[in-house]
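Enquirer: These protein sequences, in sequence, are chains P and L.
Okay, so the first sequence: first residue is 1 according to the numbering used here, each after it adds one.
Okay, so the second sequence: first residue is 1 according to the numbering used here, each after it adds one.
Accuracy of the hints is not assured; some may be wrong.
Claimed, not checked - Derived EDC-like pairs (lysine to aspartate or glutamate); straight-line CA-CA distance at most 20 Å:
no.: 1; chain 1: P; residue 1: K109; chain 2: L; residue 2: E79
no.: 2; chain 1: P; residue 1: K38; chain 2: P; residue 2: E17
no.: 3; chain 1: P; residue 1: K70; chain 2: P; residue 2: D29
no.: 4; chain 1: P; residue 1: K38; chain 2: L; residue 2: D38
no.: 5; chain 1: P; residue 1: K116; chain 2: P; residue 2: D86
no.: 6; chain 1: P; residue 1: K3; chain 2: L; residue 2: E59
no.: 7; chain 1: P; residue 1: K109; chain 2: P; residue 2: E59
no.: 8; chain 1: P; residue 1: K3; chain 2: L; residue 2: D38
no.: 9; chain 1: P; residue 1: K38; chain 2: L; residue 2: E106
no.: 10; chain 1: P; residue 1: K38; chain 2: P; residue 2: D86
no.: 11; chain 1: P; residue 1: K70; chain 2: P; residue 2: D22
no.: 12; chain 1: P; residue 1: K112; chain 2: L; residue 2: D38
no.: 13; chain 1: P; residue 1: K109; chain 2: L; residue 2: D38
no.: 14; chain 1: L; residue 1: K44; chain 2: P; residue 2: E44
no.: 15; chain 1: L; residue 1: K9; chain 2: L; residue 2: E79
no.: 16; chain 1: P; residue 1: K16; chain 2: P; residue 2: E44
no.: 17; chain 1: L; residue 1: K44; chain 2: P; residue 2: E26
no.: 18; chain 1: L; residue 1: K9; chain 2: P; residue 2: D29
These aren't lab readings, by the way, just hints derived from the structure by calculation.
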Amino acid sequence: AQKVTQAQTEISVVEKEDVTLDCVYETRDTTYYLFWYKQPPSGELVFLIRRNSFDEQNEISGRYSWNFQKSTSSFNFTITASQVVDSAVYFCALTPNYGGSQGNLIFGKGTKLSVKP
Amino acid sequence: NAGVTQTPKFRILKIGQSMTLQCAQDMNHNYMYWYRQDPGMGLKLIYYSVGAGITDKGEVPNGYNVSRSTTEDFPLRLELAAPSQTSVYFCASSYTRGPPGRGWYEQYFGPGTRLTVT
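Kindly produce the complete structure, drawing on both the sequences and the hints.
Expert: Pasting the structure below:
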């Protein structure tokens, strides 16, 4: 079975603090993709990153960074020097490569991040 | 391109009423999906379609029906609405990218429909 676990339901930080959102996944597939989405208070889903299972290189994009560790089945997301605009619900999601599924995403329950000024 | 569009944005239904949530995409994607997002939860797959005329159930299909007569449209029908169907509904479409064996589905989401059943 495939499953994504985001153990942190809510996190509250003060602006400029660093914060890490945890994501642990389960899958029997040998190739798969992991994603992070942001859902601001307005409700839409904003794509942040896609990572494939055969590339464990970490990724940095501005204040955002992602740490993928296949050995622990984790794909954690760190925001450096958080800002009020980072306040949102963040979802981690999983899908097999397109040979192994119909393409739907398996979502975690999300982590609600509140950044206070 | 308009991308994935959904109508209506908000709707309040009484218990037992029926309605259709509309979803359309103008990207010529073969794959389309309906998800629901309950409060404090992630998205769960209701139905999906791999092309016109082909649909299949996802994780939580009970109480819903779909059809896919064209590539562009993928409406979701709620029959006999129940309070348990109060949720935000997202439609999505996708196409495959990347090399064989290592590709992925590039997924595009609509803005969502917030439905309340009282």
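Enquirer: If a hint holds in the structure, say so; if it does not, say that too.
Expert: Now for the hints, and whether the structure bears them out:
For the suggested pair K109/P and E79/L, the alpha carbons sit about 27 Å apart, so the restraint of at most 20 Å is broken. The hinted pair formed by K38/P and E17/P meets the criterion: a straight-line CA distance of about 19 Å does not exceed 20 Å. For the given pair, K70/P sits about 12 Å from D29/P by alpha-carbon distance, which is consistent with the 20 Å threshold. About 16 Å separates the Cα atoms of K38/P and D38/L, which keeps this hinted pair within 20 Å; it holds.
Distance hint between K116/P and D86/P is fulfilled; the C-alpha atoms sit about 10 Å from each other, no more than 20 Å. A C-alpha spacing of about 13 Å is found between K3/P and E59/L, which places the hinted pair at or below 20 Å, so the restraint holds. With a CA separation close to 23 Å, the supplied pair K109/P and E59/P exceeds the 20 Å bound. For a cut-off of 20 Å, the pair hint linking K3/P to D38/L stands: about 17 Å separates their Cα positions.
Pair hint K38/P plus E106/L holds up; C-alpha atoms about 16 Å apart against a cutoff of 20 Å. Taking the CA atoms of K38/P and D86/P, the gap is near 9 Å; set against the 20 Å cutoff, the hint holds. A hinted pair counts as satisfied when its Cα atoms are at most 20 Å apart, and K70/P with D22/P qualifies at roughly 14 Å. Among the hinted pairs, K112/P with D38/L is consistent with the structure: their alpha-carbon atoms are about 14 Å apart, no more than 20 Å.
Between K109/P and D38/L the alpha-carbon distance is near 10 Å, which keeps this suggested pair within the 20 Å criterion. Distance hint between K44/L and E44/P is fulfilled; the C-alpha atoms sit about 16 Å from each other, no more than 20 Å. Our distance criterion of 20 Å between C-alpha atoms is met by K9/L and E79/L, whose separation comes to about 19 Å. Between K16/P and E44/P the alpha-carbon distance is near 25 Å, which puts this suggested pair outside the 20 Å criterion.
Annotation: proposed proximity of K44/L to E26/P holds, straight-line Cα distance about 16 Å (limit 20 Å). Taking the CA atoms of K9/L and D29/P, the gap is about 36 Å. The hint is violated against a cut of 20 Å.
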